[in-house]
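In the order they appear, the protein sequences are chains P and A.
For the first sequence, this note's numbering assigns the number 639 to the last residue and increments by one with no breaks.
For the second sequence, this note's numbering assigns the number 639 to the last residue and increments by one with no breaks.
Keep in mind that the hints were calculated from the coordinates and are not lab data.
Even for Gly, the Cβ is constructed at its ideal location relative to N, Cα and C.
Incorrect hints may have been included.
Only some residues are given here: those of chain P computed to face chain A with a beta carbon under 7 angstroms [claimed, not checked]:
(1) D519
(2) A529
(3) A530
(4) W543
(5) S563
(6) H564
(7) W587
(8) F591
(9) T604
(10) F606
(11) L608
2 protein chains.
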Amino acid sequence: MTLHFEDLAPGQTYDLGSVTIDETEMFEFARRFDPQPFHVDPVAAKDTPFGGIIASGWYTGSLFMRMYADAVLSNAASHGSPGCEEMRWLSPIRAGDVLRGWVTVFDVQPSSKRPDRGTAFMLGEFLRDGEAVFRIRYRGYFGRRKAATGRGSG
Amino acid sequence: MTLHFEDLAPGQTYDLGSVTIDETEMFEFARRFDPQPFHVDPVAAKDTPFGGIIASGWYTGSLFMRMYADAVLSNAASHGSPGCEEMRWLSPIRAGDVLRGWVTVFDVQPSSKRPDRGTAFMLGEFLRDGEAVFRIRYRGYFGRRKAATGRGSG
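The following block holds chain P by itself, in its conformation from the complex (with noise of 0.2 angstroms):
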């Protein structure tokens, strides 16, 4: 059955199963998007702060969005989002580092201009070692199995 709004309430938490960071792949994603020396140069990279590579925190996200989509919205009449409230890269990733990742949804709120959805506030989460290295908070519009006016919505 599709998840819908209905279906979604404070405490619900989702396991997004873990991700082990790819190095060839990393090192792709820096150089087009993010190319810091400490994301693209091995040898620069030991002058920085960070002492060696580390991954571009939007290769970060960008993980963590398909590992979402994967376990949540897959399975759900999503409807997008309008962007994220926090986003916290705590702590330098590698290559070669596991993180495993959960999302929970800490509040509903149905929308007040558009019956057919509503709004989720997600706290996600990544994981190394049973350390937190990347937070982030963000909306998702979920469609309503039925509209708000009690009008079925298909």
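Based on these hints, arrange chain A on the given structure of chain P.
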């Protein structure tokens, strides 16, 4: 001269130039990182609230990162970023859209713990035909030319 923390001041604005959304790369990115129907499936996308394919917000953010890296960080003592306070996908972005980027320094703060760096608070946007379609508030760490104690830092 490399941009250091001392060179940054509220009100400084950087022009990031323009980018045209490339359909092929937009699809490739979405297939890998955000495979929702309205990002990857032209037929299914017609029946979504967007009426067709739109770019993943993570692709938009990654393009912004690249333009910021090229225009500002490529010549700066960047020490990375702890994250962002706000990211807004204000309007659907589609293949062929021309986005103009800019970023403004709205505050600077020396580090209380690390004399060798400080934080810049940035507001960035993509405009399409003068309308803001993407907005991000984020922080960046920048190395100081001289450590705050007065000792030379190198």
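Does the CB of P/A529 sit less than 7 angstroms away from some CB of chain A? violated, 12 angstroms
Close enough to count: is the Cβ of P/D519 nearer than 7 angstroms to one in chain A? This interface hint holds because 5 angstroms falls under the 7 angstroms limit.
Checking hints one by one. Is P/F591 an interface residue toward chain A, by the C-beta closer than 7 angstroms rule? Not OK, violated: P/F591 not within 7 angstroms of chain A, min 17 angstroms.
Taking 7 angstroms as the limit, does the beta-carbon of P/T604 come near enough to a beta-carbon in chain A? violated, 13 angstroms
Taking the closest Cβ pair, is P/F606 under 7 angstroms from chain A? violated, 14 angstroms
Mind checking the CB of P/W543 against every CB in chain A and telling me if the closest is under 7 angstroms? Cβ of P/W543 sits 5 angstroms from chain A, so the hint holds.
Given P/S563 as an interface hint, is the shortest Cβ-Cβ distance to chain A below 7 angstroms? Status holds, d = 6 angstroms.
Next item in the hint list is P/W587. Is there a CB on chain A closer than 7 angstroms to its CB? Result: violated, 18 angstroms to nearest chain A Cβ.
Mind checking the CB of P/H564 against every CB in chain A and telling me if the closest is under 7 angstroms? Holds: closest Cβ of chain A sits about 5 angstroms from P/H564, inside 7 angstroms.
Given P/L608 was flagged as interface, is its beta-carbon under 7 angstroms from a beta-carbon of chain A? violated, 14 angstroms
Interface hint check: P/A530, Cβ to nearest Cβ on chain A, cutoff 7 angstroms. Holds or violated? violated, 11 angstroms
Violated hints, listed in ascending order, are 2, 3, 7, 8, 9, 10, 11; each of the other numbered hints is respected by the structure.
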